[in-house]
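Whole structure, please, built from the sequences with the hints as guidance.
Those protein sequence lines, which keep their order, are chains A and B. Under our numbering, read the first sequence as residues 1 to 243, first letter to last. Under our numbering, read the second sequence as residues 244 to 464, first letter to last.
None of these hints come from the bench; they were simulated from the model. A virtual CB, placed ideally from N, CA and C, is assigned to each residue, including glycine. Worth double-checking, as some hints may not be accurate.
Stated by the list, open to error - Beyond 12 Å from chain B on every Cβ pair, some chain A residues (computed):
#1 Leu4
#2 Lys11
#3 Asn17
#4 Asp31
#5 Leu109
#6 Glu117
#7 Glu118
#8 Arg121
#9 Lys122
#10 Ser210
#11 Ala218
#12 Leu231
#13 Ala236
Said to hold, decoys possible - So the derived label-pair ranges between C-beta atoms look like this:
#14 B:Gly438 to A:Gln131: 45 to 51 Å
#15 A:Glu66 to B:Ala296: 32 to 38 Å
#16 A:Leu109 to B:Met271: 31 to 37 Å
#17 A:Gln131 to B:Thr449: 29 to 35 Å
#18 B:Gly362 to A:Thr183: 26 to 32 Å
#19 B:Cys443 to A:Ser134: 35 to 41 Å
#20 B:Val410 to A:Asp70: 52 to 58 Å
#21 A:Asp55 to B:Pro324: 50 to 56 Å
#22 B:Met275 to A:Asn153: 39 to 45 Å
#23 B:Leu292 to A:Gly59: 27 to 33 Å
#24 A:Lys60 to B:Ala295: 33 to 39 Å
#25 B:Val279 to A:Thr183: 47 to 53 Å
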Amino acid sequence: MAALIAMRDVKKSYGENVVLNGINLEVEKGDIVAIIGSSGSGKSTMVRCIAGLEDIQSGKIFLRGEEIIDRNSVVHSIGMVFQNFHLFPHYTVEENIIKPLRTVKKMDLKAAKEKSEELLRKVRLSESARQYPSTMSGGQKQRLAIARALAMNPEILVFDEPTSSLDPELAHEVFRTIKDLATEGQTMLIVTHQINAVSHFATRVAFLDSGIIEADGACKEIFENSDNQKLKQFLAMVEFNTI
Amino acid sequence: MNSLDFSPLLPYAGLLPEALKITLEIGMAGFMLALVIAVVVGTLRSRKLPKAAGFLLSFYVEVFRGTPLLVQLFFVYYGLPSAGIRMEPVMAAILTMGLNSGSYLSENIRASILAVDKGQYEAAHMLGYTPLQTNIHIVLPQAMRVAIPSFMNGFSSIIKETSIVSVLPVIELTKLGNQVYAKTYHPFEIYILLGVIYFCLTYFLTFLAKWLERRASKWQL
Numbered sequence: 001m002a003a004l005i006a007m008r009d010v011k012k013s014y015g016e017n018v019v020l021n022g023i024n025l026e027v028e029k030g031d032i033v034a035i036i037g038s039s040g041s042g043k044s045t046m047v048r049c050i051a052g053l054e055d056i057q058s059g060k061i062f063l064r065g066e067e068i069i070d071r072n073s074v075v076h077s078i079g080m081v082f083q084n085f086h087l088f089p090h091y092t093v094e095e096n097i098i099k100p101l102r103t104v105k106k107m108d109l110k111a112a113k114e115k116s117e118e119l120l121r122k123v124r125l126s127e128s129a130r131q132y133p134s135t136m137s138g139g140q141k142q143r144l145a146i147a148r149a150l151a152m153n154p155e156i157l158v159f160d161e162p163t164s165s166l167d168p169e170l171a172h173e174v175f176r177t178i179k180d181l182a183t184e185g186q187t188m189l190i191v192t193h194q195i196n197a198v199s200h201f202a203t204r205v206a207f208l209d210s211g212i213i214e215a216d217g218a219c220k221e222i223f224e225n226s227d228n229q230k231l232k233q234f235l236a237m238v239e240f241n242t243i
Numbered sequence: 244m245n246s247l248d249f250s251p252l253l254p255y256a257g258l259l260p261e262a263l264k265i266t267l268e269i270g271m272a273g274f275m276l277a278l279v280i281a282v283v284v285g286t287l288r289s290r291k292l293p294k295a296a297g298f299l300l301s302f303y304v305e306v307f308r309g310t311p312l313l314v315q316l317f318f319v320y321y322g323l324p325s326a327g328i329r330m331e332p333v334m335a336a337i338l339t340m341g342l343n344s345g346s347y348l349s350e351n352i353r354a355s356i357l358a359v360d361k362g363q364y365e366a367a368h369m370l371g372y373t374p375l376q377t378n379i380h381i382v383l384p385q386a387m388r389v390a391i392p393s394f395m396n397g398f399s400s401i402i403k404e405t406s407i408v409s410v411l412p413v414i415e416l417t418k419l420g421n422q423v424y425a426k427t428y429h430p431f432e433i434y435i436l437l438g439v440i441y442f443c444l445t446y447f448l449t450f451l452a453k454w455l456e457r458r459a460s461k462w463q464l
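This is the structure:
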């Protein structure tokens, strides 16, 4: 069976600056892939290419075995959670979920409200349903962003550094939510610097360096047994403590 | 200086409501038209357009911002009939006011749209919004909030600029004032009264603007 997402020799540059230099990656249903690497290694660009937010210069990206030709075609299969949340500030917390369901999925109000209540319960934000995002903490905002993405029932959920702009305490809240999703079997791609946190639930880790996946394997393999020098240097740099 | 004497104006007081009605009609309809033009033109000009369309919209904005309102009004009312387009003076006034103010306000809308975070477009796209849905549901409500003060300024300006319409055969406030002046020779009282009426109208609008801003800002800290 074809992989849920497959990248074949994907290259992407901004002018002279080569950001992705031949990415090959396969993500199976149920995989939770942590994408690690130093800043500028191409992690975010890689997931943005998968999500169709960036054009690629060469190579191919497949969704369930079918090449993605129209970037718009992936939006119903891929949900995205951004570093800076990108919540809709003019909507209340519940409206951030209800309005997209009504506008995009054409769901009736009652069903959309029920779905919103269910998702807000899931991310522990039921109490804040009628607040505006501007009144919430960063951790709450990110949990709402996760709930909003989940509302569209994406096959794969992509996180682009979901906790980079959060304090450790708030980051913990967000990882708790992501971990809950992991136990439910949600396929996820998570770009992160929080190696310790993702090591508890990621099924795979891909290490990027200079636009190339230098190492890709199970957590234990990557964090304990890899003899890739660049990976070792990176792990030493982030003072990773083995699991 | 003679003392103020408003009594000679009293016989004409009955004409005031109709003139006020016409002023408000021109001002409000002109503003509504300007609003529609501003949203459409401002939204289109904030996007990448085909060259011809971009040039046309830019031409409209520059021409209406670069020529006097009075000339535009004369052109619409006296000039267009030569091209077979005739209209009632009130309609000509509304059209000119709308087109003129729309050109200014469209630039405010364009700037407000450009000020909306790019992430809002990406988030909407990833949720499956079409570009049109993104504009209507996500971008415009946020841009309009930023544009409210300039919109209310525009509304206030239109109300004041309706006095220019007195050059056409339509009895709005200023024209009524001019006619009463011709009959009574009390310009001092007449134009003070006119000034007070215009001031009251625009002062009310500043309260409306503040109320609208407060309502539209409920989502902002």
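Do the hints match the structure? See the list:
Every C-beta of chain B lies more than 12 Å from that of Leu4 of chain A, the closest at about 17 Å, which supports listing it as non-interface. Listed as a non-interface residue, Lys11 of chain A keeps its Cβ farther than 12 Å from every Cβ of chain B; the least gap is roughly 22 Å. No beta-carbon of chain B is positioned within 12 Å of the beta-carbon of Asn17 of chain A; the least distance is around 20 Å. The beta carbon of Asp31 of chain A sits about 20 Å from the closest Cβ of chain B, which is more than 12 Å, so the claim that it is off the interface holds.
No Cβ of chain B approaches the Cβ of Leu109 of chain A within 12 Å, the least distance being about 15 Å, so the stated non-interface status holds. The Cβ of Glu117 of chain A sits about 19 Å from the closest Cβ of chain B, beyond the 12 Å cut-off, so the non-interface label holds. In this structure Glu118 of chain A is separated from chain B by more than 12 Å, as the shortest Cβ-Cβ distance comes to about 17 Å. Remark: the non-interface label on Arg121 of chain A is consistent with the geometry, its nearest Cβ contact in chain B lying 20 Å away (cut-off 12 Å).
Separation of Lys122 of chain A from chain B is adequate, the least Cβ-Cβ distance of about 18 Å exceeding the 12 Å criterion. With a least CB separation of 25 Å from chain B, Ser210 of chain A remains clear of the 12 Å interface cut-off, as annotated. The Cβ of Ala218 of chain A sits about 29 Å from the closest Cβ of chain B, beyond the 12 Å cut-off, so the non-interface label holds. At roughly 30 Å, the least C-beta separation between Leu231 of chain A and chain B is larger than 12 Å, which holds for a residue marked as non-interface.
Non-interface call for Ala236 of chain A relative to chain B: holds, since the shortest CB-CB distance, roughly 34 Å, exceeds 12 Å. Between Gly438 of chain B and Gln131 of chain A the beta carbon distance is about 47 Å. The supplied range of 45 to 51 Å therefore holds. In this structure the supplied range 32 to 38 Å holds for Glu66 of chain A paired with Ala296 of chain B, their Cβ-Cβ distance being about 35 Å. Hint check: Leu109 of chain A to Met271 of chain B, Cβ distance near 33 Å, so the stated range 31 to 37 Å holds.
Between Gln131 of chain A and Thr449 of chain B, the C-beta spacing of about 31 Å keeps the proposed range 29 to 35 Å intact. The hinted range of 26 to 32 Å is satisfied by Gly362 of chain B and Thr183 of chain A, whose Cβ atoms lie roughly 29 Å apart. The beta-carbon spacing between Cys443 of chain B and Ser134 of chain A, approximately 36 Å, falls within the hinted interval of 35 to 41 Å. A hinted range of 52 to 58 Å holds for the C-beta pair Val410 of chain B and Asp70 of chain A, which are about 56 Å apart.
At about 53 Å, the beta-carbon gap between Asp55 of chain A and Pro324 of chain B stays in the expected band of 50 to 56 Å. In this structure the hint that Met275 of chain B and Asn153 of chain A lie 39 to 45 Å apart at CB holds, the actual value being about 41 Å. Under the hint 27 to 33 Å, the C-beta atoms of Leu292 of chain B and Gly59 of chain A, about 32 Å apart, fit the expected range. The hinted range of 33 to 39 Å is satisfied by Lys60 of chain A and Ala295 of chain B, whose Cβ atoms lie roughly 36 Å apart.
The supplied range of 47 to 53 Å is met by Val279 of chain B and Thr183 of chain A, whose beta-carbon atoms lie about 52 Å from each other.
Figure legend: structure checked against the earlier numbered hints; every hint is met.
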